[in-house]
Amino acid sequence: MKLDVRLFARARDAAGAERITVDLPAGARVADLRTALAEQSPNLRPLAPCLLVAIGTDYADDSVVLLPQSDVACFPPVSGG
Amino acid sequence: MQRLTEDPIDFAALTESVRSTDSGAVVLFLGTVREMTEGRRTDSLDYEAFGPMAQKKLDEIEAEVRRRWPLDRVAIVHRIGRMELGEVSVAVAVSAAHRGEAFEAARYVIDTLKQTVPIWKKENWHDGTSEWAHPGVESTGSNRGTSP
Numbered sequence: 001m002k003l004d005v006r007l008f009a010r011a012r013d014a015a016g017a018e019r020i021t022v023d024l025p026a027g028a029r030v031a032d033l034r035t036a037l038a039e040q041s042p043n044l045r046p047l048a049p050c051l052l053v054a055i056g057t058d059y060a061d062d063s064v065v066l067l068p069q070s071d072v073a074c075f076p077p078v079s080g081g
Numbered sequence: 001m002q003r004l005t006e007d008p009i010d011f012a013a014l015t016e017s018v019r020s021t022d023s024g025a026v027v028l029f030l031g032t033v034r035e036m037t038e039g040r041r042t043d044s045l046d047y048e049a050f051g052p053m054a055q056k057k058l059d060e061i062e063a064e065v066r067r068r069w070p071l072d073r074v075a076i077v078h079r080i081g082r083m084e085l086g087e088v089s090v091a092v093a094v095s096a097a098h099r100g101e102a103f104e105a106a107r108y109v110i111d112t113l114k115q116t117v118p119i120w121k122k123e124n125w126h127d128g129t130s131e132w133a134h135p136g137v138e139s140t141g142s143n144r145g146t147s148p
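Residue numbers (my numbering), protein chains in the order written: chain A, 1 to 81; chain B, 1 to 148.
It is worth saying that the hints were derived from the structure and are not from the lab. Please read these numbers as outputs of a predicted model, since none were measured by experiment. One or more hints might be untrue.
What the hints assert, rightly or not - What follows is a set of in silico ranges between Cβ atoms, one per label pair, in the way DEER data are often shown:
#1 PRO52(B) / ARG29(A): 47 to 53 Å
#2 ARG29(A) / GLU84(B): 42 to 48 Å
#3 SER63(A) / THR32(B): 35 to 41 Å
#4 ASP62(A) / GLU138(B): 18 to 24 Å
#5 SER63(A) / THR37(B): 34 to 40 Å
#6 ALA31(A) / TRP125(B): 31 to 37 Å
#7 SER63(A) / ARG99(B): 41 to 47 Å
#8 PRO46(A) / GLN115(B): 41 to 47 Å
#9 GLU18(A) / TRP125(B): 22 to 28 Å
#10 THR32(B) / ASP4(A): 35 to 41 Å
#11 LEU67(A) / GLU60(B): 22 to 28 Å
#12 GLY136(B) / ASN43(A): 18 to 24 Å
#13 GLU38(B) / THR21(A): 53 to 59 Å
#14 GLU87(B) / ASP4(A): 44 to 50 Å
Ideal placement from N, C-alpha and C gives every residue a C-beta, glycine not left out.
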């Protein structure tokens, strides 16, 4: 399945794009997405271990299974305030 | 209630919006743009948000703070975009019958916001470089000339 992943802040700058399309096998989990992002965009590799993943408007941990229709966003730790 | 704005935060109006005769205490917290960070001089900050998720997380923070403390009114606004030194990036106003819960609740809101709400800050240093702040992530050094 192909997932269109939104990127923010340093992750977006590192990838050089606001969205990145990742090809994952059916049943892939958030942890697999992290690995795929690092492989696809080497500039994301140093960030990959700390990237937070959101599906829709909620955080998703590494064990969550991704679906073709999942609305996925990926970003480094937040720094608002 | 509006949570994110690109406009300057009218914190006097925000404070007024939480006042009522049910409350004996109003606490206002402002986050403002600081010039010096660990010896480095900042010219301005750029804030970016994942809007729909930030809105939802702020709604969740309000629900949780109301669950934990008996509050009258709660108002939380975060500004997005470029802010110059001294400008207000975030405002939290809380009212309650007594000061104890108002202070504790305001502290909880800003602490939780900084940990969970998808908003990011970029330092535009005085030396012309800029850098995203990502707590716990090693600095990549500075990217000269990058802009939002």
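Now for the hints, and whether the structure bears them out:
At roughly 23 Å, the beta-carbon separation of PRO52(B) and ARG29(A) lies outside the given 47 to 53 Å, and the hint is violated. Checked against the hint of 42 to 48 Å, the C-beta distance between ARG29(A) and GLU84(B) comes to roughly 43 Å, which is consistent with it. At roughly 40 Å, the beta-carbon separation of SER63(A) and THR32(B) lies within the given 35 to 41 Å, and the hint holds. Checked against the given bound of 18 to 24 Å, the beta carbons of ASP62(A) and GLU138(B), roughly 21 Å apart, stay inside it.
Hint check: SER63(A) to THR37(B), Cβ distance near 36 Å, so the stated range 34 to 40 Å holds. At roughly 35 Å, the beta-carbon separation of ALA31(A) and TRP125(B) lies within the given 31 to 37 Å, and the hint holds. Here the CB-CB span from SER63(A) to ARG99(B) is close to 43 Å, well matched to the stated 41 to 47 Å. Range check, PRO46(A) to GLN115(B): Cβ separation about 22 Å, and the 41 to 47 Å hint is violated.
For GLU18(A) and TRP125(B), the Cβ-Cβ distance of about 24 Å falls inside the hinted range of 22 to 28 Å, so the restraint holds. For THR32(B) and ASP4(A), the hinted distance range of 35 to 41 Å is satisfied, since their beta carbons lie about 37 Å from each other. Our hint of 22 to 28 Å for LEU67(A) and GLU60(B) holds, since their Cβ atoms are close to 23 Å apart. Restraint check, GLY136(B) to ASN43(A): a C-beta distance of roughly 19 Å satisfies the suggested window 18 to 24 Å.
Restraint check, GLU38(B) to THR21(A): a C-beta distance of roughly 38 Å breaks the suggested window 53 to 59 Å. In this structure the supplied range 44 to 50 Å is violated for GLU87(B) paired with ASP4(A), their Cβ-Cβ distance being about 35 Å.
Checked against the numbered hints above, the structure breaks hints 1, 8, 13 and 14 and satisfies the rest.
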